[in-house]
Amino acid sequence: MMRFAARMAWRETRAAWRQFVGFFACVALGVAALASVGTLGANLQRTLGREAKSLLGGDVEVRSTRPIDHEIESDVSRLQAEGAVVTRVQEMVGMARSAADGRTLLVELKAVDARYPLYGVVDTMPAKPLESLLDDGGVIVEESLLSRLALGIGDRVEIGATAFTIRGIVRREPDRPASVVSLGPRILLSPASFARTGLVRVGSRLRHRVLLRLPESVGARPARDVLAAAASGVAVRVVTFDDAQPGLRRFFAQLTTYLGLVGLVSLLVGGIGVASAVSTFLRRRRNTIAVLKCLGADSRVLLLTYLLQTQVLGLLGSMTGAAMGVAVQPLLVRVLAGIVPFALGSRPEPATILRAVTMGVATTLLCALWPLLGIRDVRPSAILRSDVEPIPRRRPWLVIVPLGAGLAALAVWQAGSLVVGAIFVGACAAALALLAGLAYIVRRAARALRTVRGLEWRYGLANLHRPGGHTAVVIVALGVAMMLLEGVALLERSLSRQLDYEQRREAPSFFFIDLQPDQREAFADIVTRASGSAVQLTPLVRSRLAAVDGVPVTRDMVDRRRGGRHDDRTWYLTRDYVLTSAASPPANNVIVGGRWWTETEAAERPRISVEEDAAASLHVGVGSRLAFDVQGVVIEAEVMSIRRVDWQSFSTNFFVIFSQGALAGAPTTYVATARVPRSSENVLQDNVVAAFPNVTAIPVRDVLERLGAVLDQLALAIRVIALFSIAAGLVVMVGALTASRYQRLYESVILRTVGATRATVARTFAVEYGCLGAAAGLGGSVLAMLLAWIVLRFVLSVRWTFEPAALLLGVALTVLLALGVGFLATFRLLGARPLVVLRQE
Amino acid sequence: MIRVRDLVMRLPSGSRLLTVLDSVSIDVAPGEFVAITGPSGSGKSTLLGLVAGLDQPTAGTITVAGVEITGLAEDALTRFRRETIGYVFQSYHLIPTLTAAENVAVPLELDGIADARPRALALLGEVTLADRAGHYPVQLSGGEQQRVALARAVALGPRVLLADEPTGNLDSTTGAQIIDLLLKFRQERDSTLVLVTHDPALSHHADRVIMLRDGRVVSSGGPEMAPTPPRSQRPGEAVTLLDHRSPPHPPPPPGLGASRGTRDAPR
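Quick note, the sequences are listed as chains S and B, same order. The working numbering applies: residue 1 is where the first sequence begins, and numbers increase by one. The working numbering applies: residue 1001 is where the second sequence begins, and numbers increase by one.
Note that these hints are calculated values from the structure, not bench results. Worth double-checking, as some hints may not be accurate.
[What the hints assert, rightly or not] Negatives, chain B to chain S, calculated, CB over 10 Å:
| id | residue |
| --- | --- |
| 1 | Ser1015 |
| 2 | Gly1041 |
| 3 | Val1067 |
| 4 | Glu1068 |
| 5 | Arg1119 |
| 6 | Gly1134 |
[Unchecked claim] Partial pick of chain S residues on the chain B-facing surface, computed with a CB cut under 7 Å:
| id | residue |
| --- | --- |
| 7 | Phe4 |
| 8 | Ala6 |
| 9 | Arg11 |
| 10 | Glu12 |
| 11 | Ala15 |
| 12 | Ala16 |
| 13 | Val291 |
| 14 | Leu295 |
| 15 | Gly296 |
| 16 | Ala297 |
| 17 | Asp298 |
| 18 | Ser381 |
| 19 | Ile383 |
| 20 | Leu384 |
| 21 | Trp647 |
[Stated by the list, open to error] Stretches of chain B that chain S covers, calculated by requiring three or more beta carbons in the stretch to come under 8 Å of a beta carbon on chain S:
| id | stretch |
| --- | --- |
| 22 | 1052–1061 |
| 23 | 1071–1082 |
| 24 | 1095–1102 |
None of these values were measured; they are calculated from a predicted model. Using N, Cα and C, we set each Cβ at its ideal position, and we do this for glycine too.
Construct all of the structure, not just a fragment, from the sequences and the given hints.
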């Protein structure tokens, strides 16, 4: 049986390979999308794994926003005595000022000692030892600083109260990639120089890091455990190289998961193409199957024959797709270069390729099997009469359910998570159902309009509801692809609008932070002169959460709450809290539980209002008690209200607000916002920094533009993968139109024989393709809006707005696409000579 | 060899059911050559298809070679066809994606015969098409296609050979050649032959002629019952029509494949 099936499969493919070009392309495009995303993910993982020590900067890192505890320092010293090499790093955001013309710029400062880096190298220009570049008041800076401050090597730059000489450019530092978005260019300087800046004051946002390179005799995890045990506060993070950069790892894992799902959509669109191509092929082979049954071939051997044929072609298509996916890798790497903060290779990963090929073959099997099972229904008597009814299938759900479950399993496998996979499957099923419903309506409407005036319209619409037509397949495949492409565009548009400074009238030009109490008046004068309005200063007190309802926040308590999971649940326990006090709730906050305090209540004892997500995560409500450690002094307060905060607003927002007077005496700094005309922004920033070198000015426009650039790159990456879906959708459409090629040819020559011109026939086709495009575009656009709404509303908590222009543009683009591809697939029919065609009948 | 009892076949025709065969009962003895004749729409081809197990009747029973095929499941019926029946169609029904040799080899391969290809080539030789073995059906004339179909039908030496108007699509000369081959194979393999035909000349060579009209058997008897063929259509005038009752017969005349009629042009 196997030999016969193999022979027949080969013979059928040999003679009818043209009919499988679309099938092949659909599988290849789907697998190409998956392989490209998979290879990208594998390269990211490999780089993160291989460079783990460099990315962390050591085997173990101790990190804190406060000076490192003595207990930890003594353990560090002990490890040093055992052979560990230690380096200390301090990082903070500050302002740099050109000594030549006073221009200022927000920068990320990093003070490193002579032993830095413990792993990897700092790539500098000139290529000299770091120590020699940084000694004696030298700094090295990122190249963008030079262009933005119009400085060169050898020029002087002021940081805080001191001027330094720029000795070179830092191109790459091994442990830079802490986050995808940086606030400003890097400046590397020595600890002595850093101390001379005078930036380290009460309330400064300084990060202390101790990095250790351990001797072989000391394992990283035991060392971490020792250091963690010595840490008094939960805010001290001690990590080893293999669990470093969790945020970055999570970001890339999520990025590749979502890109993978976009790729999976391509494969599913390809799957629709596979099912459509196999259905068409078998319709054409009905007679052959009937003859073979007459000659004694049973359904099993025939099913095996065509299954072998489709699987081998699926395998070849998958392998071609994998090669395409690898080939497109350099492009994807280039697209993501700006948000991947380390050199990323594009080497193919055998396991990833194998996985993509397996997905391709499995999808081919699942999508081809349903039409292939139709082989069983062909009666041998079909050879005698064309009107033979197929053998009715009994209990078709016995086949549909496992096939659907198989596709769902593939989705879960690709998503790497049952929940994400289930959401994806649900969304896909809903989208397919909606588009299939739309296709049904289009067919019914076309049938109802068959008496419409105008030959082109009548015949064009008739093509939409002809038996065995392609309306549903084209609308579903093209609609899904358009949904993806337009959905990404809509999301990008909504987020860009959020990040468009010019559209955010309420957004300040600057956040000024680290303002000291004695600088308030002079600062207010400068800002008021520039902005023309009074400046509002908000007091800030930096603190840590000390206890929740009397339970001290300790490392054990945090671990218990975490329950073995590595998620954000405990972030509210360990983070730094920036507190403020107020007599009334902030303007854009909504009280969702309890009430604001009265003056009398505020005078009685400390009261607080807590942001709703923080309250939920900390398991506190109205009446609960939270204690905060402010520079060693613990202040306990009763929760009087829960607030909803609009984090999208550009005002100064707080998780916890104390009642007025409760923070009196605590070390306080101030934050101020100011909006000035664009032309005055640089002047204001320069004036403030010149007058108060310790104050950091965060230019909102600049930060938003940086975020926008990251968003653009992410959207571009998604679009690259989504293009595979579009290509697969168009292949499905070409395949569907080609399937009815002979019928079209015959009808077109009949029309021409009875007097229709080529232009009339072309217009008939145009009506059909235009309607298909319009329906797919409409369905795809509506689904895209739905997708954008769900993501914006539930994932990003961003406001969604209806965009009729996007809807119309989506429909118009799909119509144009359908018309273009439709004519490319069928224009040759218009040139066929009627007599030649009719003679063949 | 073949026993048909009370056979009824109704087929949908628009919104109603059309009775194509109505209480048909016939018997065919082993080795017998029976011609089924009758006007168009009388149910001849349907009866032959049912005997071949290509379809299931509405009512009645069919027993072929001792097997009641009306009760068989689809797969068993398929095996039965492979092992017992050789079928020749009016419109050849070669598989367009296979060469002539591959078409003939299909039943042999399905039967698991190892040397299917040499045997297929030998069979093509018997129908004087050895030189066309590598050609696809579309490259063959109608007569050539029917000879390939004939070789395919007899490849496994079936006990029952069924032919549905095998010359219906051919000109008289080519048709006569096909009939010669059909009778030769039947004689060599000692098969029972049931043939549906409109051709009175062909009916005259049958042991028995069964006439159908409106789905009923209206007569059954010797070849003398068949109407006399018009003189101009007698195949014997074009080629030697083999007498199936007088073996051995001469080999087919040379140049059979060269003849071309208006319906016999390459397709």
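_Separation of Gly1134/B from chain S, once the least beta-carbon distance is taken, above 10 Å_ = Gly1134/B is indeed farther than 10 Å from all Cβ atoms of chain S, at 13 Å.
*Let me know if the C-beta of Asp298/S comes in closer than 7 Å to any C-beta of chain B, holds or violated.*
Holds, because the Cβ-Cβ distance from Asp298/S to chain B comes to roughly 4 Å (cut-off 7 Å).
*Classify the hint on Phe4/S as holds or violated, based on whether any CB of chain B lies nearer than 7 Å to its CB.*
holds (5 Å)
*Holds or violated: is the Cβ of Ser1015/B farther than 10 Å from all Cβ atoms of chain S?*
holds (13 Å)
*Beyond 10 Å from every chain S Cβ: check whether that's true for Val1067/B.*
Since the minimum Cβ distance to chain S is about 14 Å, Val1067/B lies beyond 10 Å and the statement holds.
*Closer than 7 Å between Cβ atoms is the bar; does Leu295/S clear it against chain B? Give me holds or violated.*
holds (5 Å)
_Coverage assertion for the stretch 1095–1102 of chain B with respect to chain S, Cβ distance below 8 Å, three residues required_ = holds (count 5)
*Verify that the Cβ of Arg1119/B lies farther than 10 Å from every Cβ atom of chain S, and report whether the claim holds or is violated.*
holds (15 Å)
_Closest C-beta approach of Ala297/S to chain B relative to 7 Å, hint status_ = holds (5 Å)
*Per the CB criterion, is Trp647/S less than 7 Å away from chain B?*
violated (65 Å)
*Using 7 Å as the Cβ threshold, decide whether Ala15/S counts as touching chain B.*
holds (3 Å)
*Satisfaction of the Arg11/S interface hint, Cβ to chain B closer than 7 Å*: holds (6 Å)
Violated hints, in rising order: 8, 21; the structure is consistent with all others.
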